[in-house]
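Peer 1: Add chains V, E and R to chain W, keeping to what the hints say.
Just so you know, the sequences run in chain order W, V, E and R. The opening position of the first sequence corresponds to residue 1385 in our numbering, with each subsequent residue numbered one higher. The opening position of the second sequence corresponds to residue 1385 in our numbering, with each subsequent residue numbered one higher. The opening position of the third sequence corresponds to residue 1385 in our numbering, with each subsequent residue numbered one higher. The opening position of the fourth sequence corresponds to residue 1385 in our numbering, with each subsequent residue numbered one higher.
Treat the hints with care, since some could be wrong.
Pairs count within a copy or across copies, as identical chains cannot be separated in the list.
Computed cross-link-like contacts, SDA-like style, restricted to lysine to any residue with a CA-CA straight-line distance of at most 25 Å [as the list claims (entries may be wrong)]:
1) K1532 / N1445
2) K1454 / D1524
3) K1464 / E1533
4) K1399 / V1612
5) K1532 / H1451
6) K1399 / V1477
7) K1488 / T1478
8) K1395 / D1473
9) K1429 / L1525
10) K1394 / Q1583
11) K1429 / G1545
12) K1454 / R1539
13) K1532 / E1596
14) K1454 / L1525
These are computed hints drawn from the structure, not numbers from a lab. Please read all numbers here as calculations on a predicted model, not as lab measurements.
There are 4 protein chains.
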Amino acid sequence: MEEIEVHELKKLKLKKPVVIEGLPGVGNVGKLVAEHMIQELKAEKIIELYSWHFPPQVLVNDDGTVHLCKNEIYAYKSKKQDLLIITGDQQSVTNEGHYFITEKFLDIAQQYDVSRIYTLGGYGIGQLVEKQVVLGAANDLELVGEMKEYGVEFREEEPGGSIVGVSGLLLGLGKLRGFPAVCLLGLTSGYLVDPKSAQAVLKILCQALNLEIDMQDLEEHAEEMERVVERLKEMEQAQIPRTRDEELGYIR
Amino acid sequence: MEEIEVHELKKLKLKKPVVIEGLPGVGNVGKLVAEHMIQELKAEKIIELYSWHFPPQVLVNDDGTVHLCKNEIYAYKSKKQDLLIITGDQQSVTNEGHYFITEKFLDIAQQYDVSRIYTLGGYGIGQLVEKQVVLGAANDLELVGEMKEYGVEFREEEPGGSIVGVSGLLLGLGKLRGFPAVCLLGLTSGYLVDPKSAQAVLKILCQALNLEIDMQDLEEHAEEMERVVERLKEMEQAQIPRTRDEELGYIR
Amino acid sequence: MEEIEVHELKKLKLKKPVVIEGLPGVGNVGKLVAEHMIQELKAEKIIELYSWHFPPQVLVNDDGTVHLCKNEIYAYKSKKQDLLIITGDQQSVTNEGHYFITEKFLDIAQQYDVSRIYTLGGYGIGQLVEKQVVLGAANDLELVGEMKEYGVEFREEEPGGSIVGVSGLLLGLGKLRGFPAVCLLGLTSGYLVDPKSAQAVLKILCQALNLEIDMQDLEEHAEEMERVVERLKEMEQAQIPRTRDEELGYIR
Amino acid sequence: MEEIEVHELKKLKLKKPVVIEGLPGVGNVGKLVAEHMIQELKAEKIIELYSWHFPPQVLVNDDGTVHLCKNEIYAYKSKKQDLLIITGDQQSVTNEGHYFITEKFLDIAQQYDVSRIYTLGGYGIGQLVEKQVVLGAANDLELVGEMKEYGVEFREEEPGGSIVGVSGLLLGLGKLRGFPAVCLLGLTSGYLVDPKSAQAVLKILCQALNLEIDMQDLEEHAEEMERVVERLKEMEQAQIPRTRDEELGYIR
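Just chain W, same shape as in the assembly (with noise of 0.2 Å):
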C-alpha cells in the first residue's frame, strides 16, 4: 500500500471545473454540503482515496457490508459549469498527512486543469446560532472582493485566526500553486450536525457557480435538528439535571 493511493474510476473531460471540498469537520457544514450537492446533481465518482494517514478502521455500510475509510472524489458536467467535489469518510489523523493529502488533491486539480478552488466548513462559536452567516477567507484579495459581493462576511477577528486541515491547506498551498480559492465557513453551534448551517452556505455557493440546486432534503434535516434543539431547551427549562458532558454531547 502505497501513502496515498488514488483509484482512478473512471476518466473524464472536463472544462476548466470548479472544485468544492466538503470533508467532515465542524458541525459537518462541509460534508452536509458536499453530499447534497453530489446527490441532487447526481454527480460521478471518478476517484477513490485511500491512505495510512487516515483512521485504521472501516465503516460499517446499512447493508452489512463495509468499505475501508477513505476520500471521495465526484465529477459533475454540465453547460454552465463542470465540478469536482471532494468529500469523504474522514481526514488525516496525522500531522503531515494533511498536508500529503493537500498535496495529492493539488496534483488531481492540475491534472483537469481547475479553475478555482471552494472549499467548505463550520465555524464553531459555542452557543445556538441566531442569525445564519457565512463567514470568508481566500488567498487572494481579489476573491475576497468578489465573496462579499454574495453576502459572505469577512470579519477582522473571525474565524478565529486559523483555518485546520484540508479546508485550509487548500488555500494556503494552492496558492504556492496558483490556484484562486476560498474558504466558506457557516457559523454553526459546534455541538451538532448543521444542516441549516450548511443551506446559507449551500445558497451563496449556488450563487458563486451560477447552479440550482434543490433544497428540501437540506431542509428537512434542519427541521428534524431544530426538534432536537427544542426538546434540548425544554429539559434545560425544565432542569432536568444533566452533566456537562451531555449538555455539550455531539448529536447527530
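Peer 2: Frame of chain W; chains V, E and R shown alone:
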C-alpha cells in the same frame, strides 16, 4: 531491525486455509477465542512478528523470563479445514502501523493461498449484556447472507459505524486484494474480559467452519467472571461508595 | 512539498550577522521582541520557510486573505551590526520537526557566516511578575560571563532545567557546529502575552548588540496589558465567581 | 543530523565488559544507581548519543551553560570486571525511538563483545515502601535462577506484566541477538526519587558483579528523602488540606 520482522519458525503446506484473527481488543473477546482454539486444536506456532509499531516493551512470563511484544501465527492442519490463527500481545500503537501490519498479514495470507478471513472482537455496549449476541460485518454482500444463517446479526446502526484496528483493516484492505472476509463481534460490556461473549463467537465460528471444539475452559473462565460480576452487583446494592473509576474499572 | 521548504525571496550580502530568534512561546516574549525589532529597524524579509511539521492550517489576515503557517527570516543591514531575525506563526508540532527546522536555520546561519546566535523567550513562573528579570543560558562559559555584565541573571535552579524548542536547540545543535549562542528568557506569568517582559529582554539585547531601538510601541502594548491585569485583580477582589479555567485563561 | 548520532569520545579496549543501563524512569532508581557507580568508580565517558527521538530541548547546567539532551556511555576497567555504564538525560519520546536507540546500544555492545546486560529501574507500587525488595526479570531461564541466589525476587504477578523502554527492550531485542540480560527493579512508591530503592538495587548488583562500591552518598540522599517523607506524613496527620495533585506530586 526492520519495520516489521517476520520470523518464520516453520514452513507448512496447508490446503486453502482460513485465517482466524483474534488480537487484543474490547473485552479481549477476539484474543480469548483465538487462544482457546490454539490450545484445544493444539495448533502449531509457525510465525512470530515483531515491529517497532508495537509498544516498546517486553512482557514478563510466569517463570520470570520475558518476551518481546509480538504477534504470532499458528497453523492447524486437519482433513476438514486448515487454519491460520493470528493472535498476539498487542496491536500497533501508531496509526500507520495498523495498516502496515495488516498488509503483512495479507502478504502471508497470499503465500498460503488463504480462502477466507474471519476477524474476531468484542462490541462494547457500556452495560452488562443480558443476552449473548454476535454482530457481523463483511466485505462482501454474499458473506453477509451466509453469516445470517449461522445466527450472526447485522444491524443497521451497529456495530456503531466503524471497526478499528487489524480486525477492521483485514476486511477493508483484504477486499482490495480479493479476500472474502467477515468480522464477528461479540456483544460485551466493555468493562470486563468476557469469556462468555467469546463462547458465543466461538460457537458461530465452529458452525461456519464445521469444526467441533471443547469449550470447557472458556466455560470455567466465564463462571469465574460471573462470580466477579455478582460481587460487583452486591457491592452496588450494598451501596458501598465507589468512585466512578472503580465502577468502570477494567477487570481481567 | 519537501519536508522543509526554504523560499528565498532575496539574496543579501551581510557582514558576519548575528541571529536573533523570536518564535511563539511562553508569554509570546520572544516573538514580541523579534516583531518589534523587524518593525522598528525596517528589516527586510529574505526567507520564508514552510514545513509539514507546522500545524496543518492557514492563518487569516485582517483583510480576509490567508497565509500558510510559516517561519520567516528578516535581514537588517547597518554599519554597526548586521542581523538575521527569525520569527514565525508557529513552531513544529512534531518532536523531530524541532530538530530538523533548527538544523535548517543553522544551515542558513552557516551560509551567512553568522558570528553569534541570540534566542529569545519567556520563563513562566505561574504568578504575576513583580520585578522584571532576564534569565540566561549559553552554550559557552565565556558567553555566560559576558551576559552577566549586561544584567542577565544566571540562576542555578532556573530556567527550570530545560529550554524547549528552537530556542533551546539553536544552543545545543549550534554548539555541535561551533556557533556561540545565548538564550535570554524574560520572567513572565505565563498566562498573558507579556510586552513588559519583552521590553526587559529587548533592553539587554540592545546593550549587547550596541543598538538603539525605540520602544514606544512595546510600551503602549505593555500599558494596555497592565489595564487588563488591573481589571483581573479587581474582579478577583470583587470575588466575582470565575472558573479556574477563566482564571488561568491566556489573554492576548 | 542523523536519526541517532553516536559521538565516540574515546576508544578503549575492554575485556568482555558487562553493560549496566540506568536511564531516567520510575523513582529515577536506575539513573541513581548508574550515576552513583560512575562517580564512585570514576568511570570514563567514552560515548555520547544524540537523537531526534529525544525531547527537543537543552538542559541547563549549574554554571549557566547548556547541553543538548543526550544519552551517555561510561567505561570502567578493572582486574575483576570491565563495565559499560549507560545513563542519560531522557529516554525517547517516540514509540519507534525506543527500539532504534536500544538497537544502537546493542550494536555498541557487540563491538565491545559484551558478555551480559543488566538493566535497572524502579517498580512503582503507589504507596510508601515498607521493606526494600528488588524484583527481577531475565531473558534466559538460567539467569533467573542465578539472580534468585542474590536475593532478587521473581513474582508471578509482578513486575505487572511488562517492562517499558530501553530497560525492557535490551532484554527483548538483546535475546534476538544472543545477549543474556536481566532487569532489576527496585520497589518504590513512584511519587518520589528513591535513593533507598537505588541502594537495594546496587547492593544486589555489587554481589552479582563481585564489586565493592561505597554507598555513603546514596545513603545521605536517602536520609534527605526520608525527611521529606516524614514531613509529608506530618502534614497528612495535621490534615492540612492539600489537593490530590500535591499529594501525588513528584518530588526530587
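Peer 1: None of the hints should be skipped; say for each whether it holds.
Peer 2: Each hint tested on the structure:
Taking CA atoms no more than 25 Å apart as the test, K1532 paired with N1445 passes between copies only; the shortest distance there is 16 Å, against 40 Å inside one copy. Taking identical chains as interchangeable, the C-alpha atoms of K1454 and D1524 lie at most 25 Å apart only when they sit on different chains, with a minimum of 18 Å there against 30 Å within one chain. Proximity of K1464 to E1533 under the C-alpha cut-off of 25 Å is restricted to the intra-copy arrangement: shortest distance 20 Å within a copy versus 52 Å between copies. In the homo-oligomer, the alpha carbons of K1399 and V1612 never lie at most 25 Å apart, since the shortest distance is 43 Å inside one protomer and 56 Å across protomers.
Only between protomers do K1532 and H1451 lie at most 25 Å apart by alpha-carbon distance; the minimum there is 19 Å, versus 40 Å within a single protomer. Proximity of K1399 and V1477 under a CA criterion of 25 Å is satisfied in neither setting, with 33 Å inside one chain copy and 40 Å between copies. Taking the shortest alpha-carbon separations for K1488 and T1478, both the intra-copy value of 15 Å and the inter-copy value of 22 Å come in at or below 25 Å. Proximity of K1395 to D1473 under the C-alpha cut-off of 25 Å is restricted to the intra-copy arrangement: shortest distance 23 Å within a copy versus 40 Å between copies.
Proximity of K1429 to L1525 under the C-alpha cut-off of 25 Å is restricted to the inter-copy arrangement: shortest distance 21 Å between copies versus 33 Å within a copy. In the homo-oligomer, the alpha carbons of K1394 and Q1583 never lie at most 25 Å apart, since the shortest distance is 30 Å inside one protomer and 46 Å across protomers. Only between protomers do K1429 and G1545 lie at most 25 Å apart by alpha-carbon distance; the minimum there is 22 Å, versus 34 Å within a single protomer. For the identical chains of this complex, K1454 and R1539 are inter-copy neighbours only, at 22 Å across copies versus 34 Å inside a copy, given an alpha-carbon limit of 25 Å.
Within a single copy, K1532 and E1596 get their C-alpha atoms as close as 20 Å, which meets the 25 Å cut-off; across copies the closest is 44 Å, which misses it. Taking identical chains as interchangeable, the C-alpha atoms of K1454 and L1525 lie at most 25 Å apart only when they sit on different chains, with a minimum of 20 Å there against 33 Å within one chain.
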